[in-house]
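Given chain A, work out where chain B should sit, using these hints.
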Amino acid sequence: MTISNPVRSLLMTAILTNLFDGVAYGMLLFVLACGLAVTLGLMNFVNLAHGAFAMAGGYVCAVLVNRIGWPFFAALPLAFVASAMIGAVLERTLYQHLYARSHLDQVLFSIGLVFMTVATVDYIMGSSRIFIKLPDVLQGQFDIFGVGIGRYRLMIIVICGLLTVGLQLVLSKTRFGSRLRAAVDDPRAASGLGINVPQVFAFTFAFGCGLAGLGGALSAEILGLDPYFPLKFMIYFLIVVTVGGSSSITGPFLASLLLGIGDVAGKYYVPKLGPFVIYTIMIVILIWRPNGLFGRTATR
Amino acid sequence: MTTNAQTEVGFHARQHGRWHWSEFAFWIVVLAVGLAFPSRYLIMTEILRLALFALSLDLILGYAGIVSLGHAAFFGVGAYCAGLLSVHGIINEPVLALIVAGLAATVLGFATSFLVIRGVDLTRLMVTLGIALLMEALAERFSNITGGTDGLQGIDIQPIFGVFAFDMFGRTGFFYSLAVLFVLFLLARIIVHSPFGLSLRAIKNNPLRASAIGIPVNKRLIAIYTVAAFYAGIAGALFTQTTALASLDVFAFERSADLVLLLVIGGSGYLYGGLIGAAVFRMLQELFQWITPQYWMFWIGLVLVVIVMVGRHRIHAYALWLPNLILKQIAGRKAAVVLTDNEAP
Numbered sequence: 001m002t003i004s005n006p007v008r009s010l011l012m013t014a015i016l017t018n019l020f021d022g023v024a025y026g027m028l029l030f031v032l033a034c035g036l037a038v039t040l041g042l043m044n045f046v047n048l049a050h051g052a053f054a055m056a057g058g059y060v061c062a063v064l065v066n067r068i069g070w071p072f073f074a075a076l077p078l079a080f081v082a083s084a085m086i087g088a089v090l091e092r093t094l095y096q097h098l099y100a101r102s103h104l105d106q107v108l109f110s111i112g113l114v115f116m117t118v119a120t121v122d123y124i125m126g127s128s129r130i131f132i133k134l135p136d137v138l139q140g141q142f143d144i145f146g147v148g149i150g151r152y153r154l155m156i157i158v159i160c161g162l163l164t165v166g167l168q169l170v171l172s173k174t175r176f177g178s179r180l181r182a183a184v185d186d187p188r189a190a191s192g193l194g195i196n197v198p199q200v201f202a203f204t205f206a207f208g209c210g211l212a213g214l215g216g217a218l219s220a221e222i223l224g225l226d227p228y229f230p231l232k233f234m235i236y237f238l239i240v241v242t243v244g245g246s247s248s249i250t251g252p253f254l255a256s257l258l259l260g261i262g263d264v265a266g267k268y269y270v271p272k273l274g275p276f277v278i279y280t281i282m283i284v285i286l287i288w289r290p291n292g293l294f295g296r297t298a299t300r
Numbered sequence: 001m002t003t004n005a006q007t008e009v010g011f012h013a014r015q016h017g018r019w020h021w022s023e024f025a026f027w028i029v030v031l032a033v034g035l036a037f038p039s040r041y042l043i044m045t046e047i048l049r050l051a052l053f054a055l056s057l058d059l060i061l062g063y064a065g066i067v068s069l070g071h072a073a074f075f076g077v078g079a080y081c082a083g084l085l086s087v088h089g090i091i092n093e094p095v096l097a098l099i100v101a102g103l104a105a106t107v108l109g110f111a112t113s114f115l116v117i118r119g120v121d122l123t124r125l126m127v128t129l130g131i132a133l134l135m136e137a138l139a140e141r142f143s144n145i146t147g148g149t150d151g152l153q154g155i156d157i158q159p160i161f162g163v164f165a166f167d168m169f170g171r172t173g174f175f176y177s178l179a180v181l182f183v184l185f186l187l188a189r190i191i192v193h194s195p196f197g198l199s200l201r202a203i204k205n206n207p208l209r210a211s212a213i214g215i216p217v218n219k220r221l222i223a224i225y226t227v228a229a230f231y232a233g234i235a236g237a238l239f240t241q242t243t244a245l246a247s248l249d250v251f252a253f254e255r256s257a258d259l260v261l262l263l264v265i266g267g268s269g270y271l272y273g274g275l276i277g278a279a280v281f282r283m284l285q286e287l288f289q290w291i292t293p294q295y296w297m298f299w300i301g302l303v304l305v306v307i308v309m310v311g312r313h314r315i316h317a318y319a320l321w322l323p324n325l326i327l328k329q330i331a332g333r334k335a336a337v338v339l340t341d342n343e344a345p
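Same order as they appear, the protein sequences are chains A and B. All the letters of the first sequence, read from the start, carry residue numbers 1 to 300 under the numbering used here. All the letters of the second sequence, read from the start, carry residue numbers 1 to 345 under the numbering used here.
Only chain A is shown next, with the shape it has when bound in the complex (with noise of 0.2 Å):
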């Protein structure tokens, strides 16, 4: 590299830096965000309340690891199974009965659990931002050719790596990946072929939902946990998944990676632009391609 100039090299190593920043939070948000790629996308249903699931992870784990003491590695799974329990009962009692309604119906609905859910944990935790105690090994940083790397980002970013992996191989190879396929581009024609599209819609929200309560626990040190975390990146999921399009997961992990580079090198360079280039880039990505940049032609 360019030893010879020290300031050249010293900039080099702040955007390595700040690349790296961005990569992990662009894969906390994918992992945030899609499952709501799947309901939004490719089931139709506007669900702003996608961050009450995501928060309901991070609490659980929190709880677990301050007050009874679990290890974090531990605690992880626990946030999934019961972000994902949650869901499932919520779509089995209330969100299946909205799937045919229209998007107002499901925006006003969505909305209104979430003022529930924040009201809620405000009257169970409090309503003070939450920190959960990381072991060790995740703390501090170390340093690859001068880049700082922190120890908490590397995981992050090696565990979603793993899971967009997974998800990919799931969805494009197993029988149940090519259930949800069918289900979704014609419900019709799958359930006349024999698929239970209640229960794989049930089940992929399930999931997501417990993909939004992992990347809630994960989150608690990077995006800050308190009861106003679903209002507050809403936004940021929904341009994720809008954005993304939701031809495949591919779309929405893309621009996850560009909102989460783009938003760690706005925050770090033009910090008082910062929300106004991702909110304006979005509009313009929208305006040009309504769909989504790797969307589909045609919206249902």
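Because the hints were derived from the structure by calculation, they are not lab data. Where a beta carbon is used, it is the ideal one built from N, C-alpha and C, also for glycine. Honestly, I wouldn't trust all of these hints.
Unchecked claim - A few chain A residues facing chain B, derived, Cβ under 10 Å:
| id | residue |
| --- | --- |
| 1 | Asn44 |
| 2 | Leu98 |
| 3 | Ser172 |
| 4 | Phe176 |
| 5 | Ile235 |
| 6 | Ile278 |
Unchecked claim - So, partial list: chain B residues that the calculated Cβ filter (under 7 Å) puts toward chain A:
| id | residue |
| --- | --- |
| 7 | Leu96 |
| 8 | Asp121 |
| 9 | Gly130 |
| 10 | Tyr295 |
| 11 | Met297 |
| 12 | Leu304 |
| 13 | Leu325 |
| 14 | Lys328 |
Just chain B now, kept in the frame of chain A:
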């Protein structure tokens, strides 16, 4: 035959556009309530402001079928515009400042309408939400002008027409707001009963068919969106003028979300929905805040979920059951009030 059908349509449209006696009763009740509770001017002013804001959303949601989650953008522009005009002493006369603030929001509405008419429900939702967030980010960025999170300092509203000064009990503010609401309501009533308003309904019911019979869909949507922005701007300006306050909070997402909620409570597509919804919503909010000061959001959320789960039409039918029963006893079968909110499923 064609002339016959045309005159018939015109006849029914005019019949529909006439003032029903219940409408006179409504406004008389509003005025009477205003005179009867002089100690409650502040909250009543708030309801009027909310009603005007909801009227604005009703124009695009109830008549043109555009779902917006970012209506606070125009409210905020109106609020800041009125505040800045007053702080810098550019226009001291409140009514004039009100109109200028409304026009500022109109400009933004016209500019963004081109973005909103593109795409389907979801894209619209995202774009309107994005525009509101963008305005909030802008207001935060230029905190040297807007005062940032602390809000604008030193707003001093001069007397209306140089005669009616704003008093501390909010009496002037209340009647001022009532007058503005009534004038704008009359205007909205003319708009929705005009051929233009009828064409909007056609677009809402079926855009494709509407364009097939020669309605310029996009132009009409741009027009009504711009008008709605004007209304929202006026509501924002009223907010600043009656409270002498303008902070980043005017752009908040909750403001837009509450607005959709109260319109749904009142019912959209017949102009009075926003007015009734505003009163009911504010009362509910007050009640919940009285029960649990910190957690009232839970109950508002529960109301929303229940409304959607039970179904909006059924709720309205329940709410109108008792009044209709009484009306039928007094004035016969024809007097019953029926909501014609033909929301597409």
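Here's how the hints hold up against the structure:
Residue-level restraint check for Asn44/A holds (minimum Cβ-Cβ distance to chain B is 8 Å; threshold 10 Å). The closest approach between the C-beta of Leu98/A and any C-beta of chain B is roughly 7 Å, which is under the 10 Å cut-off, so the hint is satisfied. About 26 Å separates the beta-carbon of Ser172/A from the nearest beta-carbon of chain B, more than 10 Å, and the hint is not met. Violation of the interface hint for Phe176/A is found here, the shortest Cβ-Cβ separation to chain B being roughly 27 Å, above the 10 Å cut-off.
Against a cut-off of 10 Å between C-beta atoms, the interface hint on Ile235/A holds, since the closest Cβ of chain B lies about 6 Å away. A least Cβ separation of about 9 Å between Ile278/A and chain B falls short of the 10 Å threshold, and the interface hint therefore holds. For the restraint placing Leu96/B at the interface with chain A, the shortest Cβ-Cβ distance is roughly 32 Å, beyond the 7 Å limit, so the hint is violated. For Asp121/B, the interface hint holds, the least distance from its beta-carbon to any beta-carbon of chain A being 4 Å, beneath 7 Å.
Nearest Cβ of chain A to the Cβ of Gly130/B: about 5 Å, under the 7 Å cut. The hint holds. Taken as an interface hint, Tyr295/B checks out: its beta carbon lies about 4 Å from the nearest beta carbon of chain A, inside 7 Å. Taking 7 Å as the C-beta contact cut-off toward chain A, the hint placing Met297/B at the interface holds, the least distance being around 4 Å. Interface restraint check: Leu304/B against chain A, minimum CB-CB distance 3 Å, threshold 7 Å, status holds.
Taking 7 Å as the C-beta contact cut-off toward chain A, the hint placing Leu325/B at the interface is violated, the least distance being around 28 Å. Hint on Lys328/B is violated. Least Cβ distance to chain A is approximately 31 Å, over the 7 Å limit.
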